[in-house]
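The hints should help you fit chain B onto chain A, whose structure is shown.
Residues per chain are reported as follows:
There are 2 protein chains.
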Amino acid sequence: MNYPSIHLENVINEFSKLPGVGSRTALRFALHLLDEDEKTCNALADSIRLMKSEIKLCKHCFSVSDSEECEVCKDTKRNHSIICVVENIRDVMAIENTNSYNGVYHVLGGIISPIDGIGAADIRIKELVERIAKQNIEEIILALPTTMEGDTTCFYINKLIKDFNIKVTAIARGISIGDNIEYADEVTLSRSIMNRQPFNAMKM
Amino acid sequence: MNYPSIHLENVINEFSKLPGVGSRTALRFALHLLDEDEKTCNALADSIRLMKSEIKLCKHCFSVSDSEECEVCKDTKRNHSIICVVENIRDVMAIENTNSYNGVYHVLGGIISPIDGIGAADIRIKELVERIAKQNIEEIILALPTTMEGDTTCFYINKLIKDFNIKVTAIARGISIGDNIEYADEVTLSRSIMNRQPFNAMKM
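Chains as they are written, first to last, in the numbering used here: chain A, 5 to 208; chain B, 5 to 208.
One or more of the hints may lead you astray.
Copies of the same chain are indistinguishable here, so a pair counts whether it falls within one copy or spans any two.
Here are the simulated BS3-like pairs of lysine-lysine, each with C-alpha atoms no more than 25 Å apart in a straight line [unchecked claim]:
hint: 1; residue 1: 78; residue 2: 171
hint: 2; residue 1: 63; residue 2: 43
hint: 3; residue 1: 21; residue 2: 43
It should be emphasised that the hints constitute simulated quantities derived from the structure, not laboratory data. A quick note: this is a predicted structure, and the numbers were derived from the prediction, not measured.
Excised from the complex, chain A in its bound form:
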């Protein structure tokens, strides 16, 4: 498409680089901003610049933070001897949102995926092992995707840290709460029978 203005075209090109945004959606965004007052536009532009220049990765867990240490790692009320290993920041936010975890995190920044060319050295596994070696850790919770790549990463980490003699757990897999058994997929259903748990010990 031909655009009547080079500045409009630039904005459309930049918006199109965002995930899931094509040129039509980008055009919609751009024309929306054109209709807004200058303050709103500049607020968006400034917030992007500021986020990129100000956000830091926490030196302990590599989650995003406004300072060198994130809010979770700073919090002395949390249990710093339990580390929950996650793929990315989104997972930290999702778990924090449940209000049911009181330990700290370790953000790998990816999972091992040979197809995508991501090996163990490309994600923060070395940093996790260093943390375990330095600190007094009781438990590692593996909260990685339940995919082949996630499982591979779990096995790799488990093997790497087995000499530390720490408890290594993985988040529960099974039927989602609220789901009917008949609609669960075969693999999930089969695994949830194999991994059945004592009912009295189960948290409902």
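Positioned in the frame of chain A, the structure of chain B alone reads:
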């Protein structure tokens, strides 16, 4: 949701103001930008700022432009005695993209819609009448939405300029090219029978 950084939260809030973007999509955009290098982020921020400060409305047709006169109005090869009246800039771009119109435009910047509180004085109808009074115009093409609001605006403009004795036309309405008759809605089908045209005069 709680976000681990105030800067991240600001970007999410600003992105959420874009049409069709909720907080989840905004989070996706923000985390995507966090993964990108600083150059890409700043390119987006700068392009938004620049668009807002540099884009002008053409003094003749009110389409967007990088100068006081848009590319269409500047073009001496185009027929300046035919004005196509459209609702917004998107419509100009859509028509320009067909490469089948050689006249100029007039962007109303909206259509009359009492429900939304938009009256004739809120859109650029006065400016259109002034253009017609000043310039030597042969034809006005009404290319407004085929909705009640669009029709109202067409009737209003037609009544307002009837003393100028110019040809006033509206873009053809009927079955879309490539559509089956059986799937056309009743109103369109009924109107396309009532507005049937001599076959030999029709451009296929």
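Okay, the hints, checked on the actual structure:
1. 78 / 171: Answer is within; shortest intra-copy Cα gap is 24 Å, inter-copy 74 Å.
2. 63 / 43: between (35 Å within a copy, 24 Å between copies)
3. 21 / 43: both (24 Å within a copy, 13 Å between copies)
Consistency note: the structure conflicts with none of the earlier hints.
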